[in-house]
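Participant: Listed here are the chains, written in short residue letters.
Protein chains: 2
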Amino acid sequence: MINPNVSVDCVVFGFDGQRLNALLIEQEDLGQDHRFALPGDHLQDEESLDEAASRVLKELTGLTGLYLRQCGAFGDPNRVSNTNDLPWLRTHRSNPEARVITIAYYALVKMEDFNPSASGFAKRVFWADAYDVPALAFDHNDIFNRALGTLRKALKDMQVGFKLLPEKFTLTQMQSVHEVILRTTFDKRNFRKKVINDNWVIPLEEKQTGVYHKPARLYRWSNKA
Amino acid sequence: MINPNVSVDCVVFGFDGQRLNALLIEQEDLGQDHRFALPGDHLQDEESLDEAASRVLKELTGLTGLYLRQCGAFGDPNRVSNTNDLPWLRTHRSNPEARVITIAYYALVKMEDFNPSASGFAKRVFWADAYDVPALAFDHNDIFNRALGTLRKALKDMQVGFKLLPEKFTLTQMQSVHEVILRTTFDKRNFRKKVINDNWVIPLEEKQTGVYHKPARLYRWSNKA
Numbered sequence: 003m004i005n006p007n008v009s010v011d012c013v014v015f016g017f018d019g020q021r022l023n024a025l026l027i028e029q030e031d032l033g034q035d036h037r038f039a040l041p042g043d044h045l046q047d048e049e050s051l052d053e054a055a056s057r058v059l060k061e062l063t064g065l066t067g068l069y070l071r072q073c074g075a076f077g078d079p080n081r082v083s084n085t086n087d088l089p090w091l092r093t094h095r096s097n098p099e100a101r102v103i104t105i106a107y108y109a110l111v112k113m114e115d116f117n118p119s120a121s122g123f124a125k126r127v128f129w130a131d132a133y134d135v136p137a138l139a140f141d142h143n144d145i146f147n148r149a150l151g152t153l154r155k156a157l158k159d160m161q162v163g164f165k166l167l168p169e170k171f172t173l174t175q176m177q178s179v180h181e182v183i184l185r186t187t188f189d190k191r192n193f194r195k196k197v198i199n200d201n202w203v204i205p206l207e208e209k210q211t212g213v214y215h216k217p218a219r220l221y222r223w224s225n226k227a
Numbered sequence: 003m004i005n006p007n008v009s010v011d012c013v014v015f016g017f018d019g020q021r022l023n024a025l026l027i028e029q030e031d032l033g034q035d036h037r038f039a040l041p042g043d044h045l046q047d048e049e050s051l052d053e054a055a056s057r058v059l060k061e062l063t064g065l066t067g068l069y070l071r072q073c074g075a076f077g078d079p080n081r082v083s084n085t086n087d088l089p090w091l092r093t094h095r096s097n098p099e100a101r102v103i104t105i106a107y108y109a110l111v112k113m114e115d116f117n118p119s120a121s122g123f124a125k126r127v128f129w130a131d132a133y134d135v136p137a138l139a140f141d142h143n144d145i146f147n148r149a150l151g152t153l154r155k156a157l158k159d160m161q162v163g164f165k166l167l168p169e170k171f172t173l174t175q176m177q178s179v180h181e182v183i184l185r186t187t188f189d190k191r192n193f194r195k196k197v198i199n200d201n202w203v204i205p206l207e208e209k210q211t212g213v214y215h216k217p218a219r220l221y222r223w224s225n226k227a
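Chains as they are written, first to last, in this note's numbering: chain A, 3 to 227; chain B, 3 to 227.
Simulated from the structure, these hints should not be mistaken for laboratory data. The beta carbon of each residue, even a glycine, is placed where N, CA and C say it ideally should be. Watch out, some of these pointers could steer you wrong.
[Stated by the list, open to error] What follows is a list of derived Cβ distance ranges for each label pair:
(1) A/GLN46 x B/GLN210: 35 to 41 Å
(2) A/ASN97 x B/ARG126: 35 to 41 Å
(3) B/GLY122 x A/GLN46: 29 to 35 Å
(4) B/GLY122 x A/ARG92: 35 to 41 Å
(5) B/ASP52 x A/GLU99: 21 to 27 Å
(6) A/LYS155 x B/ASN86: 46 to 52 Å
(7) A/LEU206 x B/THR211: 56 to 62 Å
(8) B/ASP52 x A/ALA137: 44 to 50 Å
(9) B/ASN80 x A/HIS215: 55 to 61 Å
Sequences and hints are given; from them, build the entire structure.
Facilitator: Given below as structure tokens:
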């Protein structure tokens, strides 16, 4: 049985080495203005919140095995009563007037490792530029912004950057992830000094291969976080 | 109308200058083994989650105006179906079998500023030693532990310590809050150097009064966090 009052919504961030992206689905076209949305759905009776988040992502986007973490609960009394969202709710929900409290999750993926494909009520699934997210259904733009704030904080605490990097990476790649997500630039020498002196990374006796420039040393994450 | 599926639960941490405490309520005695609990109740139709947390604290403990922040959603399918909790649920809930997902909040208070008093279904309200919390109803020990972890993280990030201190404080008081909550000891010189050099505190041209030892300089929080 589906819980009429509780849902989960997922913000999946993908990094392709250069840009930060967010995974969106497109709803069925019922004439609504904004039919892009975060992948999400109602909680079912027998599953925990974490299990619901994994199931929903699998059902709508095909993605499995993601690092998923809660980033807030959203319970504005009017969060699903905007007229723009009613046609879709009336078509897809047995109780379209019910108040829905949603638990937000965020996930981090290297885009090369995952290939989303739409199913369930998602008509299409696609990566949108995280800095140019369109108007979304419900309060999904608020949820996206909360997830981005959570990601930035975790990144500053050096807890998640490695999830967006290959297992062995150069310090240039590491700096790039931090610069793109925090929307800033770091001084190269200071950045290197900090991540090495604070033991966030461990230098390997290996260098890049297959590059035209002088190959850079590779590092791995220290698991200190 | 009360939402049958969604509640809020609050962990109120109180600091008295020496010890960290947590605010608990005592349920009506219906023969259950564990009748201490966190203050919490179901969401009502017209209120947001934040409003629900404030209302519930006011109704059960009399406390108002607290700094309240979410620290997680708890949705284990069996979180309110332990036999120990059934007598209370049957007496106090119109739908005692309903699955309840709860949104956890935590709050920080200087104990001298607040004087809780029990009302509503709370038979008693009291401060328990945060490091000696008894067995609680439902999954409230899990919720308490999550809140304590969230508090510790925020404290390490220098975001919340000042909420547990007077407006003007000595560095000894500041060190004490950090030591008690993080359960560690800091080297006095290093702690002082760090909070002053990193600009977390601003020295005042004032000293303690009414103390028998040499009065120490007072500081205020820098609001940099």
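Participant: For a quick check of understanding: which of the numbered hints are violated here, in increasing order?
Facilitator: Result: hints 1, 6, 8 break, sorted rising.
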